Amino acid sequence: MSVVEHTAPPAATDADEAPASAGLGAIRRHWWLLRTILLAAVNLLVFVFVSFFLVKLIPGDPVVTATGGRLTGADLEEARASYGLDGSVGEQLLSYLGSLARLDLGTSIATGRPIAEDLATRIPATLELVFTGLLAASIVALLLSHYVVTHRANRVSRVLLSYARSAGALPEYVIGIAFIYLFFAVLGWAPAPSGRLDPMLLAPPQVTGFPLFDAVIAGDTAAAASYASRLALPVIVMMVAHAPLLMKTLIINLDHAIDEPSTRFRIASGAPRRTILLSIYRRALPSVVAMLGMMFGLLLGGAVVLESLFALGGLGQYAVDAVNASDVFALRSFLLVVAAMCLAIYLIVDILTMTLDPRRRVETGKGA
Numbered sequence: 001m002s003v004v005e006h007t008a009p010p011a012a013t014d015a016d017e018a019p020a021s022a023g024l025g026a027i028r029r030h031w032w033l034l035r036t037i038l039l040a041a042v043n044l045l046v047f048v049f050v051s052f053f054l055v056k057l058i059p060g061d062p063v064v065t066a067t068g069g070r071l072t073g074a075d076l077e078e079a080r081a082s083y084g085l086d087g088s089v090g091e092q093l094l095s096y097l098g099s100l101a102r103l104d105l106g107t108s109i110a111t112g113r114p115i116a117e118d119l120a121t122r123i124p125a126t127l128e129l130v131f132t133g134l135l136a137a138s139i140v141a142l143l144l145s146h147y148v149v150t151h152r153a154n155r156v157s158r159v160l161l162s163y164a165r166s167a168g169a170l171p172e173y174v175i176g177i178a179f180i181y182l183f184f185a186v187l188g189w190a191p192a193p194s195g196r197l198d199p200m201l202l203a204p205p206q207v208t209g210f211p212l213f214d215a216v217i218a219g220d221t222a223a224a225a226s227y228a229s230r231l232a233l234p235v236i237v238m239m240v241a242h243a244p245l246l247m248k249t250l251i252i253n254l255d256h257a258i259d260e261p262s263t264r265f266r267i268a269s270g271a272p273r274r275t276i277l278l279s280i281y282r283r284a285l286p287s288v289v290a291m292l293g294m295m296f297g298l299l300l301g302g303a304v305v306l307e308s309l310f311a312l313g314g315l316g317q318y319a320v321d322a323v324n325a326s327d328v329f330a331l332r333s334f335l336l337v338v339a340a341m342c343l344a345i346y347l348i349v350d351i352l353t354m355t356l357d358p359r360r361r362v363e364t365g366k367g368a
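Going by UniProt numbering, the sequence shown opens with residue 1, and the numbers climb by one from there.
Quick caveat, the hints were computed from the structure, so don't treat them as lab data.
None of these values were measured; they are calculated from a predicted model.
Yeah, the Cβ is synthetic: ideal placement off N, Cα and C, and Gly gets one too.
Among the hints, erroneous ones may be present.
What the hints assert, rightly or not - Here are the computed distance ranges between Cβ atoms for each label pair:
(1) Arg264 with Phe49: 31 to 41 Å
(2) Val207 with Ala74: 14 to 24 Å
(3) Ala222 with Asp61: 47 to 57 Å
(4) Ala222 with Val320: 40 to 50 Å
(5) Ala228 with Ala344: 19 to 29 Å
Using the sequences plus the hints, can you model the full thing?
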């Protein structure tokens with residue numbers, strides 16, 4: 001009589017379950033981060049569809065409009081096919097999504113060049129303007145808000161508080177026109193609003209794409225000085241237009257943080273002034289960081305106007321040229337790239353805000 005031995009499967013041990021449990025625990029702990037990233041990706045995907053159908057809503061044939069009706073018959077059909085306009089809407093959408101997956105934004109009708117190359121040469125100049133303006137507005141708002149909060153009874157503080165309350169009263173283009181008239185036409189302190197570089201100078205070799213950085217890297221002091229001087233007035237316009245909004249937010253949050261019981265406890269317990277200030281700013285800054293993210297979108301929109309006003313030749317000028325040439329493909333790519341930049345900044349700001357203040361995190365469901 002033979003005895004058949006059945007080998008039982010090995011029982012799961014605590015050592016086997018530990019990695020899976022640790023992985024689930026890590027997902028739960030960082031769910032707020034994963035959720036924020038996924039939400040940004042979904043928002044970008046939604047905007048891809050919106051930008052596609054937004055262009056489809058424009059009446060008429062984009063190729064006929066952009067070429068002024070010069071193409072007919074087989075030439076027109078060939079041109080439409082080259083831009084992916086010869087199929088149904090579903091086929092065009094699939095072709096568009098496939099191109100985006102390959103980071104191919106298509107070809108500009110107006111310039112005949114790949115749109116990605118056109119944008120790559122213009123985005124750094126716009127980002128240089130926006131980030132310089134944002135940095136200047138943040139520094140000024142931080143210093144002036146600190147002065148207002150610590151010198152309440154001062155007349156200067158009351159004037160600064162009135163300035164903060166005027167947030168959004170004057171748009172950038174109004175301030176820009178007024179400053180060009182005052183500092184260029186009347187006082188002669190600012191260079192002519194005719195581009196980023198003096199026409200008598202040669203542009204330095206392109207390394208990073210950021211004009212000022214490239215001039216510094218090349219050691220071209222004349223070009224660097226020209227770039228800086230022609231960037232100064234647009235940056236001052238951005239600072240004057242947007243610093244009040246930051247000041248208003250920061251002053252309100254600082255006032256709330258000062259009145260909180262934790263501040264009074266630190267004062268009563270004899271904590272050093274530096275410790276008290278750090279505690280106040282730590283509790284006031286999350287809202288200001290969120291406001292900075294919103295301001296990036298505002299400054300990017302304002303840069304479109306300022307670049308046209310000062311002839312700076314960035315993304316704004318590209319969008320204006322696309323509209324004038326009825327180049328719907330360039331315009332669609334411009335909208336998509338600007339949306340992607342804003343969503344990326346919002347994502348960074350959300351992560352920073354939730355890191356500074358964990359109470360803002362959306363945690364996974366309790367008991368899950």
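Each hint, compared with the structure:
1. Arg264 with Phe49: 31 to 41 Å: Given a distance of about 52 Å, which is not inside 31 to 41 Å, the answer is violated.
2. Val207 with Ala74: 14 to 24 Å: At roughly 45 Å between Cβ atoms, Ala74 and Val207 fall outside 14 to 24 Å, so the hint is violated.
3. Ala222 with Asp61: 47 to 57 Å: This hint holds: roughly 48 Å between Cβ atoms.
4. Ala222 with Val320: 40 to 50 Å: violated, 29 Å
5. Ala228 with Ala344: 19 to 29 Å: holds, 27 Å
Hint compliance for this structure: hints 1, 2 and 4 are not met, and every other hint is.
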